[in-house]
Amino acid sequence: MKILYFAWLRQKIGTDAEDVALPAGVGDVAGVIDWLRGRGGGYAEALGDDAIVRVAVNQAYAGPDTPVGDDDEVALFPPVTGG
Amino acid sequence: MKILYFAWLRQKIGTDAEDVALPAGVGDVAGVIDWLRGRGGGYAEALGDDAIVRVAVNQAYAGPDTPVGDDDEVALFPPVTGG
Amino acid sequence: MIRVQADDFDIGAEIRALTAANTGVGGVASFVGLVRDMAGGAGESAMTLEHYPGMTERMLAEIDEEAHRRWPLEASLIVHRHGRLEPGERIVLVVTASAHRRAALESCAFLIDWLKTRAPFWKLEETPEGARWVEARASDDAAASKWRREDATG
Amino acid sequence: MIRVQADDFDIGAEIRALTAANTGVGGVASFVGLVRDMAGGAGESAMTLEHYPGMTERMLAEIDEEAHRRWPLEASLIVHRHGRLEPGERIVLVVTASAHRRAALESCAFLIDWLKTRAPFWKLEETPEGARWVEARASDDAAASKWRREDATG
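Residue numbers (the numbering used here), protein chains in the order written: chain A, 1 to 83; chain B, 1001 to 1083; chain C, 2001 to 2154; chain D, 3001 to 3154.
It is worth saying that the hints were derived from the structure and are not from the lab. Don't take every hint at face value.
In silico DSBU-like links for lysine-lysine, alpha-carbon gap of 35 Å or less [stated by the list, open to error]:
1) A:K12 to D:K3146
2) D:K3146 to C:K2146
3) B:K1012 to C:K2146
Away from chain A, derived, C-beta distances all over 10 Å, residues of chain D [unchecked claim]:
4) M3001
5) E3014
6) E3089
Cβ atoms here follow ideal geometry from the backbone N, Cα and C, with glycine treated the same way.
One chain only, chain A, in its complex shape (with noise of 0.2 Å):
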């Protein structure tokens, strides 16, 4: 599977992008944070609020729930503040 990170995730996180295979069980988008969070360090710091982390699965806004697997493209980020 294909995470993106931006803003300050990314910078937290320390890389933009990286390719992973999901461990067994891991489903969902809050499977995936769950996973993630537990890496520690910068994942941990970035991911340890997860009601300001915003989610798309394949370029579309996702919920914990939404179904993932590793041929998606998934990505995580702060609230947006275009405009």
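With chain A held as given, fit chains B, C and D onto it using these hints.
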């Protein structure tokens, strides 16, 4: 008093402006319109349905009871269609 | 700022001039009214816009001040043309600039609604059947009256 | 029509291109967002706009289509810049054109409210104390949610 006419009122009455001396007893907008209508011809035709005549006194919208005198500029016109 | 003129205007230049050197502006809303082809392609349909010189400028200046009282505007502009205009030509421009987009958007809508219903302009359309004065539309009055509630100038 | 670009845009030229040769257009509403000087004159306050290439274009195209479903628009344009921008520079442009002014004004407000709350852009401000990510404002969410009621795309 100076009276101005615009749009189709101007065309029906046949002039865009005239200076008139108000007859005794004419002291408000309604009185001016009644008096003009009494002239007949284009005036009667243009002012026949006073519901659709708009009036400005000294370049500000006015109602039937707005007082007018010889030094005022009174304008009669149809509902505006600008913009 | 208001202008009543026969000449055309350049939207981009007007907006630039209005907001240049003011970095307190965060949003600029604008509206341009154009002459529609009322003949529906069945021929020319130019029109002539008559106005009441003096009253027009006075009323535009008043409503411009009113917008500044209601919204925190950094700048505003109303340009209204008169005279003969062909389909596709610009008739009127409203521009409002504020720190915040909501103030810019709302005041722009307020001003154009007001212009359509209160500014002393009259449209004479050229139709295949001859010249015809455009009649006021009830929907325009309705659009303007929604602002009336808090409208001290009536 | 949508564009995501680093380059600046010319408002007047964009509006002309969008409405030229369409005499069915009676009103064109536009909104331009500019970089405000957040330092309040206490120094430079440029910012860098990060975005999510791919998702940005996809979402802008979707919301543009949504506006056309909701209002009878003749044409529309969204241009959003990314990269480093100085105070006074243009960030975003929304233009909507319709036969009727109400459709143009409402759809323009709808699109800019949406862009502020849903489009994947993030502002990194340069302040005297260093770079700082701008936080989302609750008032922006409120402005966008008023359109949500009939918003099939959520």
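Hint check:
no.: 1; hint: A:K12 to D:K3146; in the structure: 34 Å, holds
no.: 2; hint: D:K3146 to C:K2146; in the structure: 18 Å, holds
no.: 3; hint: B:K1012 to C:K2146; in the structure: 34 Å, holds
no.: 4; hint: M3001; in the structure: 18 Å, holds
no.: 5; hint: E3014; in the structure: 17 Å, holds
no.: 6; hint: E3089; in the structure: 14 Å, holds
Going through the hint list in order, the structure satisfies each hint without exception.
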